[in-house]
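Asker: Here are the chains, one letter per residue:
There are 2 protein chains.
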Amino acid sequence: MPDGVEVVDAPVSIAKAPDPAAAARSTRDASIVRAATAVADGQADAFVAGGSTGTALAAGLFNIKRARGIHRPALALPLPIPGMPVTLLDVGANVEVRAEHLVQFAYMGSALHQVVYEIPRPRVALLSNGEEPSRGTTEVVEAHARLLEASGLDFVGNIEGHALVEGAADVVVADGFSGNVALKVLEGTSQRTLVEVQQIARRSVRARVGNFLLKPSLYDFHAEIDPEQQGGAYLLGLRRLGVMPHGRFTREGVARAILLAAQATEGDVVGRTREALEAAGALRSAPVAAPAPPAADAAASVPGSS
Amino acid sequence: MPDGVEVVDAPVSIAKAPDPAAAARSTRDASIVRAATAVADGQADAFVAGGSTGTALAAGLFNIKRARGIHRPALALPLPIPGMPVTLLDVGANVEVRAEHLVQFAYMGSALHQVVYEIPRPRVALLSNGEEPSRGTTEVVEAHARLLEASGLDFVGNIEGHALVEGAADVVVADGFSGNVALKVLEGTSQRTLVEVQQIARRSVRARVGNFLLKPSLYDFHAEIDPEQQGGAYLLGLRRLGVMPHGRFTREGVARAILLAAQATEGDVVGRTREALEAAGALRSAPVAAPAPPAADAAASVPGSS
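Keeping their order, the protein sequence lines are chains A and B.
Numbered according to numbering that gives the first Met the number 0, the first sequence spans residues 0 to 305.
Numbered according to numbering that gives the first Met the number 0, the second sequence spans residues 0 to 305.
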């Protein structure tokens, strides 16, 4: 056993539970629940969960709780784009969102990007179906207007899907439905394009020789765009951080997820997010649920910046 | 002037109008309005519009009118995936949709795919953030339930973004917001991946030689995934068909768009869509606006198939 590692017994599996949220609340001895309670009790600083997102989210919300003033946790993913880090959130925690949720995602993503990539003022964009402020769903249009007034954030406006991979922004904010679609299309298309290149390389002798010579470099590229190299998604918005490697990752990817969790904890992503949201007046004011007051209105009265 | 071509004067440009919908209603002499009225008057069978989608949609709705029983027109695009035709709709006409709109999009896309690719029974899927019927927005979940009961359609369930490029379905249905995001991410990522391959090919002498040999084949591939080769998007759901080449297309792409319009008109996409929707009982029953009755309920009482 390496130094500093403690194994906690978690003999019950809720991986196949029909209602993961309910199972996470009622089953103390599932590994995700043990991990979340260890964080809640201060025995651990962050948790890493490779199971279903829904279960980890439920266990985190129930045990670790939402950070003060946060509407909804979000899943943030560093995209597998070589040499050009882009953080996309939400990639699946919230299928339906309100404008104030998108505004908070912008701050959460910006704080994460600052810590992970050491970029002091990341450019933040909203994912939409057009660049104009009037384009997008009602929530996107409203979030755009609020972000234009927001302090402590470098909001660069709406971007379309193609700009996601063209370096137009460092942090891209979306609802969890279209964010998930964007992520999956991106992963699928980059893999598929490389497969197409391989198939095309069989069409002529010249191309076959060319492909043979190029192959080792393409192999490296394959590795670069492999989601496993990123280590997984960050769960932001709880009192402590979570990192979620994908279920199909090997031990390499899970190890990387643990390193990400340590790095983001040392960089105090949770504290930085709260400070930025507080300075911008974008924290949810009431500690209970129900519609929160418009974040942008509050932001306008607090001209400070993080 | 080639035989069969008649030029109609349209001296007024509304390309930069602040409110394209209003301009399309008040400006008789704009080319898109002239084209739409020619179709409405029976002088033409379809229109091809390279300007803004919003303007063409407004001109089409105002002059050609929605087809009987159709809730909303939708933009359908054959995706630039080599050797594997996939029709994605809606790619931007309707940012917000209801479940019955998604159901109609499924029939509209299926009819188009049958005509364009001569596939008798295309597999139709809903784009979502998970394959389970419970995943997705409220509208997607409801549309899934209705499509499971729908006749005259090969509904294969939900697919995630990566499956869009993996041949999981022939027709993929989405709201216009996430459909547009999916399309743009796909186009951007395939182009970007090829650029990455070129950059990687400069890293070593071996790779440079390989790339030199492979380049002619890759050039062909570039052309295959060029959206211009597809000729543009189909505007479905009006009494007559529209085709919209992208604004950045050259004359080649516009010529292709005209051919697409002729082919889809000869194949009677509009008539086939109406027949399929009618047989499935999925037509909007009231001719006026306001919430329509649930399409699936109506479908359940008409067990016939198209």
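Rather than coming from a laboratory, the hints here were simulated on the basis of the structure.
Just so you know, even glycine gets a beta-carbon here, dropped at the ideal spot from N, CA and C.
One or more hints might be untrue.
Computed footprint of chain B on chain A, listed as stretches where at least three residues anywhere in the stretch have a Cβ under 8 Å from a Cβ of chain B [unchecked claim]:
no.: 1; region: 114-121
no.: 2; region: 232-246
Distance ranges between label pairs, derived from CB positions [unchecked claim]:
no.: 3; chain 1: A; residue 1: Val208; chain 2: B; residue 2: Glu223; range: 20 to 28 Å
no.: 4; chain 1: A; residue 1: Met83; chain 2: B; residue 2: Pro17; range: 33 to 41 Å
no.: 5; chain 1: A; residue 1: Lys15; chain 2: B; residue 2: Glu148; range: 26 to 34 Å
Asker: All the hints need checking, so say for each whether the structure fits it.
Answerer: Hints and how they fare:
Coverage of the region 114-121 of chain A by chain B is violated in this model, with 0 residues showing a Cβ closer than 8 Å to a Cβ of that chain against a need of three. Restraint check on the region 232-246 of chain A versus chain B: 0 residues with Cβ-Cβ distances below 8 Å, three needed, restraint violated. Restraint check, Val208 (chain A) to Glu223 (chain B): a C-beta distance of roughly 22 Å satisfies the suggested window 20 to 28 Å. Separated by about 36 Å at the C-beta atoms, Met83 (chain A) and Pro17 (chain B) satisfy the suggested range of 33 to 41 Å.
Checking the proposed 26 to 34 Å range against Lys15 (chain A) and Glu148 (chain B) shows it holds: the Cβ atoms sit about 28 Å from each other.
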